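Number of protein chains: 2
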Amino acid sequence: MEFQSCFLIWDKLSAAQQRGILDSLAFRQIKRGAVIHNGSMDCTGLLLVKAGQLRAYILSEEGREITIYRLFDRDICLFSASCMLRSAQFDITIEAEKDTDLWVIPAEVYRQIMEESAPVANYTNEIMAARFSEVMWLVEQIMWKSMDRRVAAFLLEEAAIEDGNRLAITHETIAKHLGTHREVVTRMLRYLQGEGMVKLSRGVVEITDWDQLKALGNG
Amino acid sequence: MEFQSCFLIWDKLSAAQQRGILDSLAFRQIKRGAVIHNGSMDCTGLLLVKAGQLRAYILSEEGREITIYRLFDRDICLFSASCMLRSAQFDITIEAEKDTDLWVIPAEVYRQIMEESAPVANYTNEIMAARFSEVMWLVEQIMWKSMDRRVAAFLLEEAAIEDGNRLAITHETIAKHLGTHREVVTRMLRYLQGEGMVKLSRGVVEITDWDQLKALGNG
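Chains as they are written, first to last, in the numbering used here: chain A, 1 to 219; chain B, 1001 to 1219.
Rather than coming from a laboratory, the hints here were simulated on the basis of the structure.
Predicted, not measured: the structure shown is a model, and the values here were computed from it.
Take these hints with a grain of salt, some might be off.
What the hints assert, rightly or not - If you want a taste of the chain B side facing chain A, the calculated C-beta under 7 Å gives, among others:
id: 1; residue: Gln-1089
id: 2; residue: Ser-1117
id: 3; residue: Glu-1126
id: 4; residue: Met-1143
id: 5; residue: Ser-1146
id: 6; residue: Met-1147
Said to hold, decoys possible - Within a straight-line C-alpha distance of at most 27 Å, the following computed DSSO-like cross-link-like pairs (lysine-lysine) qualify:
id: 7; chain 1: B; residue 1: Lys-1050; chain 2: B; residue 2: Lys-1012
id: 8; chain 1: B; residue 1: Lys-1098; chain 2: B; residue 2: Lys-1012
id: 9; chain 1: A; residue 1: Lys-176; chain 2: B; residue 2: Lys-1012
id: 10; chain 1: B; residue 1: Lys-1176; chain 2: B; residue 2: Lys-1050
id: 11; chain 1: A; residue 1: Lys-12; chain 2: A; residue 2: Lys-98
id: 12; chain 1: A; residue 1: Lys-199; chain 2: A; residue 2: Lys-145
id: 13; chain 1: A; residue 1: Lys-31; chain 2: A; residue 2: Lys-176
id: 14; chain 1: B; residue 1: Lys-1012; chain 2: A; residue 2: Lys-12
id: 15; chain 1: B; residue 1: Lys-1098; chain 2: B; residue 2: Lys-1031
id: 16; chain 1: A; residue 1: Lys-31; chain 2: A; residue 2: Lys-12
id: 17; chain 1: A; residue 1: Lys-145; chain 2: B; residue 2: Lys-1176
id: 18; chain 1: A; residue 1: Lys-145; chain 2: B; residue 2: Lys-1145
Just so it is clear, CB atoms sit at the ideal spot from N, CA and C, and this is done for glycine as well.
Chain A on its own, in the form it takes in the complex:
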């Protein structure tokens, strides 16, 4: 799978713009757990995921985390190049949740093309609107949804990503995704186990009653 086929508006670029991107493009292989982009400390560039999984999160001053969105094959990460958007005033950290192959387009190269190309600017718009929708969904979750439902929804999301009912994930990791404490997650998981929805063992959460878990998580 080549860059050109992953970058969905490739055909709408001029020959000079295509050359500008290919000349500056970097291919990187990121190990699971590595932090690729760190808040406002750097302007890494636009990331295009070839294969793998990234997580974008924010950090509190006390070091607490909450996942803002996740990126999969062919997804583009805009906010790792937020220096190219004057009005983007927030710090996101991006780490690899799985071994990830990705391309990096330097922010300055992309910004220049975006400035002159309506298709690229509109494409960027659509990516940002999609992320915006995810953050709005998150606001609704943390405002209106009880933590048992959020844990259930997160397990369903994980199961969909992993395509299985046996999730190798710690309570600590779930807590970081949801922006809460490990103890809270443990209490919620024990409640779900008591209701027969999951079975817990060391480092593993196994979904045992999909219908009930869906009723809770999607409710």
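Got chain A sorted already, so can you dock chain B onto it with the hints?
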């Protein structure tokens, strides 16, 4: 103050684009309290505030509210025209917090111009990035900040908008901005009063100790 001077990229439009906007533009005078845009029910169009104050908020199924952002003179509301962004999948309600004069650009007219014009698409990008930053700020507030600090921060924001220390605002209204219950706000305000930061009377919150309130709200 004319539309042309409020619409910051007017000079970057072609004569045909300028004519397209002026021919379809509507000027509206909105009464305080009126709902201008209602979630996904309509695609009102792009709003450009001439003078006044708008509030964008989301609603839970139970009718609870939380303010997402506010718009002032010369601000543009994009998400009242979110039908023009395929990837924008969320419902925002917009109401006038004060009597407001505004212009409405039909979504379809703006979308067509944005599609062909890089300056308009990039301008739209910057507006969205600014709103995105506000929502990210909101996520940080509701995740990491205790309610007494959020109430203090909200009072400081209101005082800056009204340019005074006497705020005519009910506990219920503050609760709707912050996405909490009136009782919680009342408890917090009484705490602030006990600490000498505010003085409460019917429908009025008066700030009496700015330094202490700032230390709390900005902390």
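Violations among the numbered hints: Those not satisfied are hints 5, 6, 8, 9, 11 and 16.
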